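A.B. asks: Spelled out, the chains give:
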Amino acid sequence: MPSILELRGVKAFYGPSEVVHGIDVAVEEGGMTVLLGANGAGKTTTLRAICGMVRSEGDILFAGQRLDHRTTEKIAAVGVAHVPEGRGTFIGLTVEENLRLGGYTRPRRIPANIERMYGYFPILAQRRRQQGGALSGGEQQMLAIARALMMEPRLLVLDEPSFGLAPRIVDDIFKIVGRIQKEEHVSVLLVEQNANLALELADHAYLLETGYVVASGRAKTLADDPQIRRSYLGY
Amino acid sequence: MHEFLQQVFSGLAAGSIYACVALALVMIYRSTDLVNFAQGEMAMFSTYIAWTLVNTGLPFWAAFFMTLVVSFIGGMLIERVLIRPVENAPVLAAVVVTIGLLLIFNSLAGWIYTYTVQDFPSPFPDRPILGALMTTRDLGVIAVTLLLLLLLFLFFRFTSTGLAMRAAAQNPASARLCGIPVGRLLAIGWGLAAAIGATAGIMVAPVLFLDPSMMAGVLLYAFAGALLGGISSPVGAVVGGLIVGVTENLVGTYLIASQLKLTVALALIILVLVFKPNGLFGTAVVRRV
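Here the protein sequences come in this chain order: A and H.
All residue numbers for the first sequence refer to numbering that gives the first Met the number 0, where the first residue is 0 and numbers rise by one.
All residue numbers for the second sequence refer to numbering that gives the first Met the number 0, where the first residue is 0 and numbers rise by one.
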């Protein structure tokens with residue numbers, strides 16, 4: 000399988016300090032790749048480097064084009080949709096306005112795409128006239144994913160979609176993400192604290208520790224590794 | 000009673016000017032988190048441009064619309080050239096830039112056009128109507144400003160650029176992730192604010208007469224109006240501006256000498272900040288620490 004996204008020797012900075020120290024990561028076209036690791040391992044910073052939100056060094060290649068040194072809005076426009084940590088909801092705007100903003104780079108397809116998103120997330124259709132800030136955490140996560148998909152991206156970047164949500168809602172959301180991935184032919188790069196869940200869903204996994212990749216491989220292989228099980232899966 | 004209503008209507012005419020300038024202040028504040036102290040002087044300079052165009056023999060409305068276009072471009076340039084470099088600097092740096100702009104525009108106008116008070120033509124005849132309750136000039140000013148406010152409302156409510164501007168003001172990081180060019184929209188916001196200010200300047204100039212410090216008092220009233228409405232609310236800015244206009248006129252007529260009217264603005268600013276810091280329509284800013 001060819002890679003849709005490739006990081007080669009990528010260093011990323013948080014302010015003046017380097018927090019990611021030259022990592023290599025590849026995301027397979029059509030697959031789901033997960034970045035695992037404890038708090039402060041550099042997972043979110045890696046995602047932010049991909050989207051040009053923090054300073055980085057090294058090569059970031061997306062479908063053969065270089066993303067490094069491009070602005071965040073240009074990176075979004077070439078087909079990388081990033082659902083940020085904290086969900087990035089426009090809290091003062093309605094659900095439907097949030098979705099229309101997601102389609103900013105695909106203005107002609109906005110009405111059709113909104114209807115498609117309401118198909119995946121019927122609760123958003125019910126709440127379409129409500130303000131984004133009035134939604135529950137789970138609903139805001141669904142809105143964030145739907146907003147990202149309005150861009151018709153080739154790569155969906157998800158930063159801890161399970162954060163702060165009840166387990167049942169997390170299951171629902173991941174089920175829909177799995178379905179969307181197949182139906183929309185979109186590749187997924189996921190950052191997740193919940194390693195059990197992530198390794199179950201993903202094809203490939205990278206384990207980050209204090210800014211370095213310390214293990215990588217097929218998700219199944221990693222899930223069977225006794226040491227990784229002890230440190231990250233808790234059994 | 001008749002005199003009271005007369006004062007209310009002429010207060011509404013003045014208030015609609017304050018409402019425009021207050022709206023320009025609020026637009027900048029929402030998108031850039033900055034009170035643009037140069038808003039009044041920018042409007043004054045725009046008015047001089049209109050005055051120059053009218054003096055070359057252009058019809059009033061042609062000069063008016065050309066001035067709006069020039070002001071829009073000027074506002075965008077100011078954002079790009081002067082505000083952008085201090086975007087990530089401490090807020091005081093940006094405030095100093097706007098105060099510097101205030102002085103530059105004031106001195107520039109004095110240097111080019113001198114400090115002599117000039118007559119400015121009004122596009123509206125000055126005839127009493129409605130049983131002398133108001134003049135056609137007041138009515139014209141109110142109509143023009145209300146039309147402008149309506150157009151702005153429609154722009155922000157129903158166009159994709161307007162929606163994107165609201166999003167960029169609210170959550171710039173998230174807007175960028177949606178592919179929205181936040182920087183360009185900020186510049187457009189400054190351009191719009193400059194054009195709104197220009198409208199206010201041109202509408203008020205026939206009453207106040209044109210000189211380089213024409214807008215100083217207007218800016219103060221507008222600031223009081225913006226604060227009264229809640230500095231982050233566009234609707235609040237308009238309502239606040241109108242309330243300030245009427246209050247100022249009534250207090251100046253019945254309570255204190257009209258030369259002391261400006262103190263009304265200062266008193267209002269202090270009262271709002273002490274008793275209702277979020278204004279009538281503003282929301283409290285909650286920060287997690």
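Just so you know, the hints here were simulated from the structure itself, not pulled from any lab data.
Treat the numbers as computed from the prediction; the structure is a model and nothing was measured.
A couple of the hints might just be wrong.
[What the hints assert, rightly or not] Derived DEER-like restraints, expressed as beta-carbon distance ranges:
#, chain 1, residue 1, chain 2, residue 2, range
1, A, P166, H, E86, 37 to 43 Å
2, H, V273, A, I175, 50 to 56 Å
3, H, N87, A, G57, 49 to 55 Å
4, A, E151, H, I72, 31 to 37 Å
5, A, T220, H, R83, 47 to 53 Å
Beta carbons: idealized from backbone N, C-alpha and C, even for Gly.
A.B. asks: Each of the hints needs a verdict: does it hold here or not?
C.D. replies: Going down the list of hints, with the structure as the test:
1. P166(A) with E86(H): 37 to 43 Å: Hint holds: Cβ distance 42 Å, inside 37 to 43 Å.
2. V273(H) with I175(A): 50 to 56 Å: 51 Å Cβ-Cβ, so the 50 to 56 Å window holds.
3. N87(H) with G57(A): 49 to 55 Å: Violated, at about 24 Å.
4. E151(A) with I72(H): 31 to 37 Å: Since E151(A) and I72(H) have Cβ atoms about 35 Å apart, the given range 31 to 37 Å holds.
5. T220(A) with R83(H): 47 to 53 Å: 50 Å, holds
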